[in-house]
Amino acid sequence: MAENILDKNSEKPRSVVLVLVKLFFSFLVIASVGSVLFFTSQLTNKLEGITSNFNLANISNELAIHNDQILDNQTEINFYRYLKIKGYFDNFSYFGDFYIQSYEVLNSQTASENEKYEARMSLENLKRNLRDYFLKLNEEYKNPFIINLIVKEETGSVDIMFKDALVDLLNEKALSIKNNTDPQAKRDYKNYLDTRVLAGNNALKNLILNTDFDTLDSLGLYSFIKNINSLVVNDLSTMQEIKDQRIKWSDIIDEIELRTKQIDNYYTQDYYDDLGGIRYTNYEFDKKDRSISIVGETKRIDTKNFTVIANLIDELNSSDFFENAEMRSFNKSGDLDEGYTANLKLNLDLQEGFSTNDMALDIAEEPKLLNK
Amino acid sequence: MSDASKNIARSIIKRKVRTYLLLILLVLVAAGTYSYLKFNEYIHVKDGIASTANSLNSLGTVIVEEKSDYQNTKDDFNNLSKNIQSSIEDVFPSIDDYTNLTRQIDLIESDLVTTNNPFEISSITYQDQIEEDNYKILPVKLSISSSANNFTKFLHHIENSGNLESGVRLMDVSSIKLNFEDSSRAGDSSIINFNVQINAYFQK
Numbered sequence: 001m002a003e004n005i006l007d008k009n010s011e012k013p014r015s016v017v018l019v020l021v022k023l024f025f026s027f028l029v030i031a032s033v034g035s036v037l038f039f040t041s042q043l044t045n046k047l048e049g050i051t052s053n054f055n056l057a058n059i060s061n062e063l064a065i066h067n068d069q070i071l072d073n074q075t076e077i078n079f080y081r082y083l084k085i086k087g088y089f090d091n092f093s094y095f096g097d098f099y100i101q102s103y104e105v106l107n108s109q110t111a112s113e114n115e116k117y118e119a120r121m122s123l124e125n126l127k128r129n130l131r132d133y134f135l136k137l138n139e140e141y142k143n144p145f146i147i148n149l150i151v152k153e154e155t156g157s158v159d160i161m162f163k164d165a166l167v168d169l170l171n172e173k174a175l176s177i178k179n180n181t182d183p184q185a186k187r188d189y190k191n192y193l194d195t196r197v198l199a200g201n202n203a204l205k206n207l208i209l210n211t212d213f214d215t216l217d218s219l220g221l222y223s224f225i226k227n228i229n230s231l232v233v234n235d236l237s238t239m240q241e242i243k244d245q246r247i248k249w250s251d252i253i254d255e256i257e258l259r260t261k262q263i264d265n266y267y268t269q270d271y272y273d274d275l276g277g278i279r280y281t282n283y284e285f286d287k288k289d290r291s292i293s294i295v296g297e298t299k300r301i302d303t304k305n306f307t308v309i310a311n312l313i314d315e316l317n318s319s320d321f322f323e324n325a326e327m328r329s330f331n332k333s334g335d336l337d338e339g340y341t342a343n344l345k346l347n348l349d350l351q352e353g354f355s356t357n358d359m360a361l362d363i364a365e366e367p368k369l370l371n372k
Numbered sequence: 001m002s003d004a005s006k007n008i009a010r011s012i013i014k015r016k017v018r019t020y021l022l023l024i025l026l027v028l029v030a031a032g033t034y035s036y037l038k039f040n041e042y043i044h045v046k047d048g049i050a051s052t053a054n055s056l057n058s059l060g061t062v063i064v065e066e067k068s069d070y071q072n073t074k075d076d077f078n079n080l081s082k083n084i085q086s087s088i089e090d091v092f093p094s095i096d097d098y099t100n101l102t103r104q105i106d107l108i109e110s111d112l113v114t115t116n117n118p119f120e121i122s123s124i125t126y127q128d129q130i131e132e133d134n135y136k137i138l139p140v141k142l143s144i145s146s147s148a149n150n151f152t153k154f155l156h157h158i159e160n161s162g163n164l165e166s167g168v169r170l171m172d173v174s175s176i177k178l179n180f181e182d183s184s185r186a187g188d189s190s191i192i193n194f195n196v197q198i199n200a201y202f203q204k
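From first to last, the protein sequence lines stand for chains H and E.
Oh and the first sequence: position 205 is 205 in the numbering used here, straight run, nothing missing.
Oh and the second sequence: position 97 is 97 in the numbering used here, straight run, nothing missing.
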C-alpha cells in the first residue's frame, strides 16, 4: 500500500538505491511477520490449531507439561514423606501418652511412693523412645516439600499449590477405599484423612525444626508433648485434650487437708472430740463451675472459733489452688466448760486457669507437699 | 525526458528513499524491540525446560527412594496403628459401650473392697449422651460408700483412666457430693458416702 502511494506519479527511470531500499524493507516486513508468528507459536497457544497440524513443538506448552510433571512427582514424594511423618507422630503421641501419664503420677500429691518410683523409672525409657521419633520427624521435615517452578508469570503461592496438590491426592486415595470394609483399608482410609491435617501445618513443622530435644528437661518435654498433641489431630490428641481438661480432685482434697493442718495441727488425728479443732462433714465439688463447698464445724475450749475460721479462709486463699474462699456469716454455741462449737460453711473456687496438671515439678524434685 | 523532468524524477526517488528508510527504521525499532523481548522470554522458557528436565530426572530417583523408605516402615506403622486402635477401642470406644463400662466399674469395686477397707457402689445410673465437637460424653451417676483410703484410690482410678496401657475407659469426675458418716475425714477407717457424677468419653 505504501508502495502504491509512493509509486503514484512515479517516473520511469528507476534508482538502484530505491530498489535496494524496497527490497530491504520487504525483507524486514517478512522477517517481522515471521518473528511474530514464531514467537506467538512458541510462547502462546494462539496458533495451536496450526502448529498442531504440522506437529510443531510449543516450548511454552512443553514447560507447562514439565511443571505439571514436577508438581505431580513432588506431590508423590510429599505423599510418602507425610505418611512417614504421620507414622512418626503416631509413635510420638503413643509414647507421649505414657510419658504424660507417668509424669503426672510422679508429680501427683496423692500417688503412692511405689507408683512414683515406677513412673520415674519409665520416664527415662520413654524419653529415649520419644527422642528417636523426634529425630526422625526432624529429619523428615528438613526435606524440601516444594520446588520453585519456572513459570512465565507468577501464579500465586507455590506453598499453597503443593499443599493443595497433596491434599487432593490424599482425598483421592481415601475416596478410592472409602467403602472398602477390609480392616487394613479402613486404617489406611483414616490414615489418609488424618495426614491431610499435617499437610501444610507450618506451626507443627516449625515446632519440630526449632526445638532442641536434648535441652528439654522433664517439664519441658511434658509441655512439648502437649504442644504437639494440640497441633496434631488424631484419636490420641483428642484423648489428650480431654485429659487436659480433667481436674484431679484427689489433689484438691489433699490441698484442702494440708491447708487445714496449717490451722489445726491435729486435723486427721482424731483428736477433735478431746482437743477440738476443725472437722468437715460434707464436700461438694463441681467441675463445670470450678466451685467447691465445704461444710463442717470448729470446736474450741476457748472462744476463738471465729478466728480459726477466719484463719482457715485466709489460708485457703493463700493456696495456688483456690480463690474466693469466703464465709460471711459466723455463729457459735456452747460455754467455757464444754467448749464452743461453730458451724463452718465455706464456698471457694478453683483459681482461674488453674489446672492440677500445671503443678508438675521436676522429676528429681520431691514434691514438697508430700513431706508431711 | 527533459532535465526538469529528470530533476523532478530524482527528487521523487529521493523522497521515496527517505520514506522507505523512515519505514525501515520504524519497523526495525518495533520488530527489534518485540523480537528482543520475545527472544529473552524464549530463552527463559528454554532454560526452564532444561532445568525442569533435570529436576524431573532427580525427582524420579527421589520418588523411588521415598516410596521404598515408606514401604520399609509401613509394616511398623501398621502394627502400631493396630495396637493403638485396639487400645483406643477399650479406653475411647466408638460407641457408648455402657455394658463394658459397667463391668469396668464393677472391677474397680472388686479391686478396692476388703473387709477392713470398704468400698461399695450401691447404684449406677447412666444419663443421656452429650455431644461435643470432637467426642461424645456418657454421664453416669454413682452412689458409693467407702473408706477414706479407698475414696482416694477410687479418685486415682478415674483421674488416671484413659491410659492406653491400662485399658480403663477414659473418664473424669464431673461433680462429687460427699459426707463423712462419722463426721470426720480424719483417719482411714472413717466411712465416706458420696455421690459422684462421672463423664465417660467415647468417639464421635
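Think of the hints as simulated: they come from the structure by calculation, not from any bench.
All values derive from a computational prediction rather than experimental measurement.
Any given hint could be a false lead.
[Stated by the list, open to error] Derived lysine-lysine pairs resembling DSSO-like cross-links, with alpha carbons at most 30 Å apart:
| id | chain 1 | residue 1 | chain 2 | residue 2 |
| --- | --- | --- | --- | --- |
| 1 | E | K74 | H | K136 |
| 2 | H | K127 | E | K82 |
| 3 | E | K136 | H | K288 |
| 4 | H | K205 | H | K173 |
| 5 | H | K178 | E | K74 |
| 6 | H | K173 | E | K82 |
| 7 | H | K163 | E | K177 |
| 8 | H | K345 | E | K177 |
| 9 | H | K304 | H | K287 |
| 10 | H | K163 | H | K173 |
| 11 | E | K82 | E | K6 |
| 12 | E | K177 | H | K287 |
| 13 | H | K205 | E | K177 |
| 14 | E | K67 | H | K205 |
| 15 | H | K127 | H | K288 |
| 16 | E | K136 | H | K173 |
[Claimed, not checked] A few chain E positions that, by computed beta-carbon distances, are all more than 10 Å from chain H:
| id | residue |
| --- | --- |
| 17 | H44 |
| 18 | D47 |
| 19 | F77 |
| 20 | D97 |
| 21 | T114 |
| 22 | T115 |
| 23 | D128 |
| 24 | Q129 |
| 25 | L142 |
| 26 | N163 |
Glycine included, each C-beta is placed from N, C-alpha and C at the ideal position.
Hint numbers the structure violates, sorted upward? 7, 9, 11, 13, 15, 17, 18, 19, 26
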